[in-house]
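A.B. asks: Sequence:
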Amino acid sequence: MWTISKDYKLSASHVLEGLPEGHQCGRLHGHNYVIRVELTSEWVDADGFVLDYGELAPFGQWVDDTMDHRHLNDVFPFQTSSEFLARHLVDVVRELCPIPHDCKVAVSISETPTSWCRWSE
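Residue numbering for the sequence shown follows this note's numbering, beginning at 264 and increasing consecutively.
Please keep in mind that the hints were generated in silico from the structure rather than gathered at the bench.
No experiment lies behind these values; they were computed from the predicted model shown.
Treat each hint with caution, since some may be false.
[What the hints assert, rightly or not] Pairwise CB distance ranges (calculated):
hint, residue 1, residue 2, range
1, P340, C288, 28 to 34 Å
2, M264, Q324, 17 to 23 Å
3, F312, G285, 48 to 54 Å
4, A309, H334, 42 to 48 Å
5, G285, S344, 15 to 21 Å
6, W306, E280, 41 to 47 Å
7, P321, E280, 28 to 34 Å
8, D354, P376, 22 to 28 Å
Beta carbons are placed, not taken as given, at the ideal position from N, Cα and C, and that holds for glycine.
My request is simple: use the sequences and hints to build the entire structure.
C.D. replies: See below:
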């Protein structure tokens, strides 16, 4: 199996609704996020690529245009936890990029340098 990955960085704010009173994530706050897209495949193409990294450019542009320096509660119609964001972003990658049918897509999100969430197909 081959796995390739590409990281995207952004800054954004959010509030997680429904948490106990006083919970730090229930207040308006922000993160310097890192989003990592991983593609895993048993195959590479004739050039030796799982996918040319340049083919992921539409996703990077979407992140810049849609998420960077935004209030994520205004962008997404769901709770903006890392878990739900990671799951949603796998669909965005599949929609915007020419992912080979045999590739598995995973998205990891870091809100802090020591915390990561990952969702994979």
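A.B. asks: Each of the hints needs a verdict: does it hold here or not?
C.D. replies: Evaluation of the provided hints:
no., hint, verdict
1, P340 / C288: 28 to 34 Å, "violated, 19 Å"
2, M264 / Q324: 17 to 23 Å, "violated, 28 Å"
3, F312 / G285: 48 to 54 Å, "holds, 49 Å"
4, A309 / H334: 42 to 48 Å, "holds, 45 Å"
5, G285 / S344: 15 to 21 Å, "holds, 18 Å"
6, W306 / E280: 41 to 47 Å, "holds, 43 Å"
7, P321 / E280: 28 to 34 Å, "holds, 31 Å"
8, D354 / P376: 22 to 28 Å, "holds, 27 Å"
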